[in-house]
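Trainee: Sequence:
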Amino acid sequence: MTIIRPSQSEDIPAITAIYAHHVLHGTGTFELEAPSQNDMAERRADVLAKNLPYLVAVKGDQLLGFAYCNWFKPRPAYRFSAEDSIYLAPEAIGLGLGRALLAELVTRAEQAGVRKLIAVIGDSANSSSIGVHRCTGFSPVGVLKSCGWKFDRWLDVVLMDKALGLGDSSAPA
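Be aware that the sequence shown starts at 145, since it is given in this note's numbering, and climbs by one per residue.
Think of the hints as simulated: they come from the structure by calculation, not from any bench.
Even for Gly, the Cβ is constructed at its ideal location relative to N, Cα and C.
Treat the hints loosely; a few may be bogus.
Once the Cα atoms are required to be at most 27 angstroms apart in a straight line, the calculated BS3-like pairs of lysine-lysine come out as [as the list claims (entries may be wrong)]: (1) Lys203 to Lys217; (2) Lys260 to Lys306; (3) Lys306 to Lys217.
If you anchor each label on the Cβ, the simulated ranges turn out as follows [what the hints assert, rightly or not]: (4) Gly204 to Phe174: 10 to 20 angstroms; (5) Ile147 to Phe295: 26 to 36 angstroms; (6) Asn214 to Asp312: 33 to 43 angstroms; (7) Pro220 to Ser314: 17 to 27 angstroms; (8) Ser314 to Ala161: 24 to 34 angstroms; (9) Lys289 to Ala161: 24 to 34 angstroms.
Using the sequences plus the hints, can you model the full thing?
Mentor: Right, dumping it as structure tokens:
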């Protein structure tokens, strides 16, 4: 049985390995070099220091994926808008874990006070990520054409968003 839980520092090696796979073989991230375990630990610590969720999906002893959100931009006016990230181990793709991770991330982001969750999806051909976001209630916002260069080709970025809680119907508390 797969469980979704808050990440722990002991998860960093598996998180780093999963992310490295996507950096080196995928277009969902525009990073070109895989970050080190120290880099990933620092990134996780940054998310947690902001009281934002950083989750993992685990089956037995195997970490199958992770998801987190971080502020969309550093300026204070953006403090209620966060960008989500989801990455799965290659063997976990197509099992519904992306949808489960994103659904739990949405719940926890809302509990943290996020009012708008934004998906910045690398590669307009990334139908898996677009589909997971659509199934979780995200709406298309637009496409930034040819704004990334990876694997010797131009890549688009697909923007999607989802209002959380009261969204923009009231001032934040």
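Trainee: Indicate, hint by hint, whether the structure satisfies it.
Mentor: Okay, the hints, checked on the actual structure:
1. Lys203 to Lys217: At roughly 33 angstroms apart (the allowed maximum being 27 angstroms), Lys217 and Lys203 break the hint.
2. Lys260 to Lys306: Answer holds: Lys260 to Lys306 is near 6 angstroms, not above 27 angstroms.
3. Lys306 to Lys217: holds, 16 angstroms
4. Gly204 to Phe174: 10 to 20 angstroms: violated, 33 angstroms
5. Ile147 to Phe295: 26 to 36 angstroms: holds, 34 angstroms
6. Asn214 to Asp312: 33 to 43 angstroms: violated, 20 angstroms
7. Pro220 to Ser314: 17 to 27 angstroms: 19 angstroms Cβ-Cβ, so the 17 to 27 angstroms window holds.
8. Ser314 to Ala161: 24 to 34 angstroms: violated, 42 angstroms
9. Lys289 to Ala161: 24 to 34 angstroms: 32 angstroms Cβ-Cβ, so the 24 to 34 angstroms window holds.
Consistency with the previously given hints fails for numbers 1, 4, 6 and 8, ordered from lowest to highest.
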